[in-house]
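Protein chains: 2
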Amino acid sequence: MAVTIQDVAKAASVSVATVSRVVNNIPLVSEDTKQRVLAAIDELGYEPNEVARSLKVRKTKTIGILLDDITKPQYTSISRGVTDACWIYEYNVILANTDGDIEKEKKYLKVFMQKQCDGVLVVNRKISDELATQLASLKVPVVLGAVSDREKKFANVSIDNRKASFEAVEYLHEKGHNDIGYIMGNREEFTVCADREAGFWQAVEKYGLNAKEEWCIESEKKKLTEQDVKEGYDAMQKILDSKRLPTAVFAANDEIAFGAMTCIEERGLKVPHDISIIGFNDYWLSEWVKPQITTISHPMYDVGAVCARLLIKKIEDESTSIDAEDSIVIPHDIIIRQTVRDLND
Amino acid sequence: MAVTIQDVAKAASVSVATVSRVVNNIPLVSEDTKQRVLAAIDELGYEPNEVARSLKVRKTKTIGILLDDITKPQYTSISRGVTDACWIYEYNVILANTDGDIEKEKKYLKVFMQKQCDGVLVVNRKISDELATQLASLKVPVVLGAVSDREKKFANVSIDNRKASFEAVEYLHEKGHNDIGYIMGNREEFTVCADREAGFWQAVEKYGLNAKEEWCIESEKKKLTEQDVKEGYDAMQKILDSKRLPTAVFAANDEIAFGAMTCIEERGLKVPHDISIIGFNDYWLSEWVKPQITTISHPMYDVGAVCARLLIKKIEDESTSIDAEDSIVIPHDIIIRQTVRDLND
DNA sequence: ATGAAAGCGCTAACAA
DNA sequence: TTGTTAGCGCTTTCAT
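Chains Y and V supply the protein sequences, listed in that same order.
Numbering of the first sequence is given in the working numbering, commencing with residue 5 and proceeding in unit increments.
Numbering of the second sequence is given in the working numbering, commencing with residue 5 and proceeding in unit increments.
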């Protein structure tokens, strides 16, 4: 049987109220009794029972995080950012992998509520309408990480994917590329892909680029578990089968870019001599493969940390405004390495 | 104000005890009242307050997991295995990244206890004596994942690292390699490295191999955040600077192997023609780089899942035996690919 | 400055 | 089969 506040009170010959005061650093306790209580706490090895405290104060100092799959590098970094920020504010995080399965999402959300989480973070490939409905019905703050809902009802923190990919294509254009393609994840399933695709087409239009249909491959894949590298490899096969080739291809992420490059080399072509590649996310691998991949940075750790901070702020401010006005945009960068050839030379 | 069991009782015109019975599926409730209660629950949207329940039953159905850094691929997979297993048994996991910092470890352990976690999982590069002391003083079950403590006091689940690396070297020997080296993580800081090194020397001794001192590089690095690839690259530089070269090098993990291979190629040598490489862990990358890396599989997902299962078993069995008798060994395999040359041909 | 006491939402004897 | 009631360990008025 663990030692309780009662035991401490008895040992220090004070009331439980007094012990509670010293534990919570509430003034109004004479230095003398405070020391007596502290001594008793120390001697008995008393640890406050957070469960009892939570029940009383109706706050658990824990947040739930709904995550597609922590195994995907992007999500891993985000989760690290989240836990680090929570560590600072003394919150705990309950982790839930859902694989984008709405049933799991609902179940976990229910658990979060039963466990009286103070808020929930969602880091998903996309926010389905059904999930949005669920989230809207919660009585605690919600923040989305690296994703946004269709209706923009929830606060989210993310980079500007549309703008970033616009800039990537603009960069390609500056380097003299006018025949370009892309390899994208499934637009319906991955919100970031829809955004990145939009930016792509926006740049194509603005600069009058030539993006033939057979150079633009959108993945069918729905599941997150399939290997992105393989996907990039397969997509590039298709692109290389077309009669004319693009001079550059924009990949939705670096793993896809890597797979695409592998395919290109296997077919006896050279990157960037024959085809230029630009990736996305700046995965550590990109610096180590040959040639090093030119890409867009995506500071996921920051996304996670800012996410958590925003959520905690909402929790503690009791500001019930669960709308996108609080959304935060994290800056990105273009990382120039070796996979884009300058055609102007 | 959330709806409580009281509200439901009132709405269904029964006592709270009855409501509690139907919520917890305790028989002895007439079908008739049961339906009335269920209807009331449904209508009011009642969700049981787990915090109150936990306080009463002295079980929280949550476990704490102390993790070095979830960002490292090995640990990521383990954590996924853990959460998946917990999902099945309806446990929740509170995640703590400690970076191997004893202060953080102590702090988090304290939090785990205050939150009344039912058990704790430790997935660290090593169990320091101080951490072992802390763990031993807990009144809840402890299980170690992919690591063991010096005194083997705690149950752990892991592959047999010593045996696996013995087999790796044995394989090298079978292929005609007698001049071999290794690139290892710091033995003091990483328990697996100490084990893998032991297996290495055991094989060297058994087969009378030649493992020159300058071919055996042990990393100085203490921090987990430094890039393994870079480490492998730098270590290989040193090896290639020696007067005579080994015919094969055993790398402590695939990232190190990859870095080493990069270095070898940059110096104008070929893998496996000039130097063979064998890695460890079977990281996804190994199948995609050229040449594909021969390696030892390390099913971390399984380690995590089994870990969690064992911990939950201990929790629910109330079996207070916190000793290594419960330890579980996960099987490994050697994955033959393209980086080991057969010198017998 | 300190204590008494009510109660957070739930479970589990015990009674009826 | 159902209800009454006493806590679980803590915080927080309200008295003193």
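Accuracy of the hints is not assured; some may be wrong.
Pairs involving identical chains hold if they fit within one copy or between any two copies, as the list cannot separate such chains.
As a list, the in silico PhoX-like pairs of lysine-lysine whose alpha-carbon atoms are at most 20 Å apart [unchecked claim]:
(1) Lys-130 - Lys-226
(2) Lys-114 - Lys-167
(3) Lys-108 - Lys-65
(4) Lys-225 - Lys-274
(5) Lys-63 - Lys-114
(6) Lys-157 - Lys-130
(7) Lys-179 - Lys-226
(8) Lys-65 - Lys-114
(9) Lys-226 - Lys-76
(10) Lys-76 - Lys-60
(11) Lys-294 - Lys-234
(12) Lys-38 - Lys-216
(13) Lys-111 - Lys-242
(14) Lys-274 - Lys-210
(15) Lys-234 - Lys-111
(16) Lys-274 - Lys-294
(17) Lys-294 - Lys-110
(18) Lys-216 - Lys-60
(19) Lys-179 - Lys-210
(20) Lys-225 - Lys-130
(21) Lys-317 - Lys-210
(22) Lys-76 - Lys-38
(23) Lys-156 - Lys-114
(24) Lys-156 - Lys-130
(25) Lys-76 - Lys-114
(26) Lys-108 - Lys-76
By construction, these hints were calculated from the structure, which means they are not laboratory data.
Item to check | Ascending list of hint numbers which this structure does not respect | outcome: Violated hints: 2, 4, 7, 10, 12, 13, 14, 15, 17, 18, 21, 22, 23 and 25; rest satisfied.
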